[in-house]
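Undergrad: Take a look at the letters that make up each chain.
Number of protein chains: 2
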Amino acid sequence: MKKKPLPVNVLYAQSGGVTSVINATAWALIDEARKKGGDLGEVYVGSDGIVGVLEENLFDVKRIPEPVLARLPYTPAGAFGSCRFKLGTPEKKPDEYERLLAVFAAHQIGYFFYNGGGDSQDTARKIAEYCKGRGHPVRVLGLPKTIDNDLYGTDFSPGYGSVAKYIAVSVLEAALDVASMSATSTRVFILEVMGRHSGWIAAASALAQKRVGDPPHLILFPERAFQAEDFLTRVRESVESRGFCVVVASEGIRDREGRFISESGGQDAFGHAQLGGVAPVLAQLVGTRLGYKNHWAVSDYLQRAARHLASRTDWEAALAVGRGAVRKALTGSDGVMLTLLRTAGSPPRFRVGEIALDQVANRERPLPPEFIGAGGYGLTREARRYLLPLIQGEAPLPYAGGIPDYVRELPRRWLRKRLPAFAAR
Amino acid sequence: MKKKPLPVNVLYAQSGGVTSVINATAWALIDEARKKGGDLGEVYVGSDGIVGVLEENLFDVKRIPEPVLARLPYTPAGAFGSCRFKLGTPEKKPDEYERLLAVFAAHQIGYFFYNGGGDSQDTARKIAEYCKGRGHPVRVLGLPKTIDNDLYGTDFSPGYGSVAKYIAVSVLEAALDVASMSATSTRVFILEVMGRHSGWIAAASALAQKRVGDPPHLILFPERAFQAEDFLTRVRESVESRGFCVVVASEGIRDREGRFISESGGQDAFGHAQLGGVAPVLAQLVGTRLGYKNHWAVSDYLQRAARHLASRTDWEAALAVGRGAVRKALTGSDGVMLTLLRTAGSPPRFRVGEIALDQVANRERPLPPEFIGAGGYGLTREARRYLLPLIQGEAPLPYAGGIPDYVRELPRRWLRKRLPAFAAR
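Protein sequence lines, in the order shown, are assigned to chains G and L. Add 16 to the 1-based position in the first sequence for this note's numbering, that's all there is to it. Add 16 to the 1-based position in the second sequence for this note's numbering, that's all there is to it.
Simulated from the structure, these hints should not be mistaken for laboratory data. Treat the hints with caution; some may be incorrect.
The list treats identical chains as one, so a pair stands whether inside a single copy or across any two.
Computed cross-link-like contacts, DSSO-like style, restricted to lysine-lysine with a CA-CA straight-line distance of at most 27 Å [what the hints assert, rightly or not]: (1) Lys344 <-> Lys52; (2) Lys78 <-> Lys20; (3) Lys226 <-> Lys108; (4) Lys309 <-> Lys52.
Kindly produce the complete structure, drawing on both the sequences and the hints.
TA: Below is the structure:
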């Protein structure tokens, strides 16, 4: 009996909250896969992450016009659609796993690449284990991506360097604004940044500091319980000594009892509390208790998609994991997530490595306690040594008519479905 | 009797809310004044606007180190300090006017340049009229600056083009983010922008639109009464037809009874209500009534100081009014504000003109009603024709260590005071 050839088609999908450089990873992966020519077959994309894979909403990147594809490395957010969707366990949701195998088989998928954060790597792990258990010949690789920088096993996550740069620059600029006005007007400025559980993004706000006393004067980390009286004392000290105070607050700060300082009451798809509105709460506190005129901003999605201010280091890392994933898959890697490893040099460089998915999944990488200094409101030197390399370099992009020339909407010419309908949502 | 020589020293000060290009105006004025050599004397700056002039807090730009001065055209916010301070009338506050004349005389000021928005031009007008009435030989010129674009008599105000570009790009980027996630997560994104009385900034959010239906899907202008039911219907229509909805709301929107949708309760120095927090109110409305997962952002000071994303057209206009002010002052202009005039060509160019301060002061330039289209929630073609030229071109700036190389704090070597102390504040 003739041995059936192994499937060699590639399937890529994006998952979780987007970043300004995840499409760079996608583009590099596609480009590398095409260069490999005969070793790989077609390159398909699942629309809206694993949801599109389950629903067999796939398309062939060959059918994306070249001028569109060429703009992908510069386009923020998830051009192929992302999702917040967690697979059940094979025991509880066997139909989801059967379906994935059916889709892989129907489209001769030999390589499945899933690009996302912690939850997405867990999804990749489950799929990898299930395929292995069933003897299904598909290599599953996770590609790292998250603005939260909380992925275990990689020096940093592509997406984080760019949000870090955006926040550092935005705080510097807003601080110059407040400093200009503080003689007769605004004294306190509060910026709320993302970071549900960890202060990685808030920490980046200090990267424009050159000297002790430079803004931001107070960083509120979710790792430290918010203590209103201490906070107010420090705000007053800053205003009295410098004339103004710049505060950066992580959305996830809580009081000593563990209650979020602000909670919208909603929940996301995974049952996490949906947060927002820490800045106005702090602003009201400062206004009521100290009487200072204040302003506040909430950067929210602006920070996550700000490709116009991406870090070159971050962008190059995003490209590197895309190319690296294809190379590693071809040399046998399976059930792993791509990682970034820092060289010892100064400035450090980053090369691509890998780690087993079961080591990554459901683990988090907390902001190290030794990174928080200045009485719990600032950064240590050690933190700066780690963080500064990640925001180095600019990543210019083409503009057209005054606006970045992003891919607005990717034309999706669907692959013909070969299977019965399946409703994942 | 020998005729006393006319005073030829220059005094410049910045006033009102800052912009990302007001320091470009300052630099161009200083540079042009130095080039004029013998026609002009020393170039002084008043710290914190008219407050510093009253308090005789002046410094000589000669004493600013050259490497610092060279970075001024790229530095956002008000490097010399700005203020929110409105002079009284000469009848009610004669001491303020006497003091200004005394400061002008003590430092032989022949040219006073005041760089600000509507309130600041009114200050310039009062000073000009008082000096003329008293026969004091000083030429007073206003330089336009405001992100609000509400200055009368100029095609646009330097500062507005850059905030317009920032908002247009930020909305495009955030919209790509929402579109990526909307299959399983966020459906509605709301961005709150500045604009207390007018929708100029909100209008700019539509400048990245290429086709009908492109985000933002709804713009809430302060010129139109906010009608919750109509708003909710349109949000639902957008989500049902496109999968998501992007809303841009001006901070100053009110209901039919004229009540601000959100009001912090505070007041600024001029008795204007201090606003903030429209976005969370709208988000709660959308969540409660329509049940859509939503995100919201408030750009606040981030938008006003975002030099990293300045418009080249705007930046060049800021430079042009700085140089133009010196040239016009030397050829006899007095009691005028510099203006920008649009040429008829396509693309249009801008040249520098002037208008009498008494025509500008206390007048506003509203967003023309014919600029608001799409049922009150969008822009007309006419609006685009006016607005698009203002965001053309990028204005790159030097970075150092991943961060824009801005002037952080200008060294201020004070002029020796020649007058008794005077407390303006």
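Undergrad: Look at each hint and say if it fits the structure.
TA: So, going through the hints one by one against the coordinates:
1. Taking the shortest Cα distances, Lys344 and Lys52 sit within 27 Å of each other inside one copy (12 Å), while across copies they are farther apart (66 Å).
2. For the homomeric pair Lys78 and Lys20, the shortest alpha-carbon distance inside one copy (26 Å) is at most 27 Å, but the shortest distance between copies (82 Å) is not.
3. Taking the shortest alpha-carbon separations for Lys226 and Lys108, neither the intra-copy value of 54 Å nor the inter-copy value of 46 Å comes in at or below 27 Å.
4. Neither within a single protomer nor between protomers do Lys309 and Lys52 lie at most 27 Å apart by alpha-carbon distance, with minima of 60 Å and 42 Å respectively.
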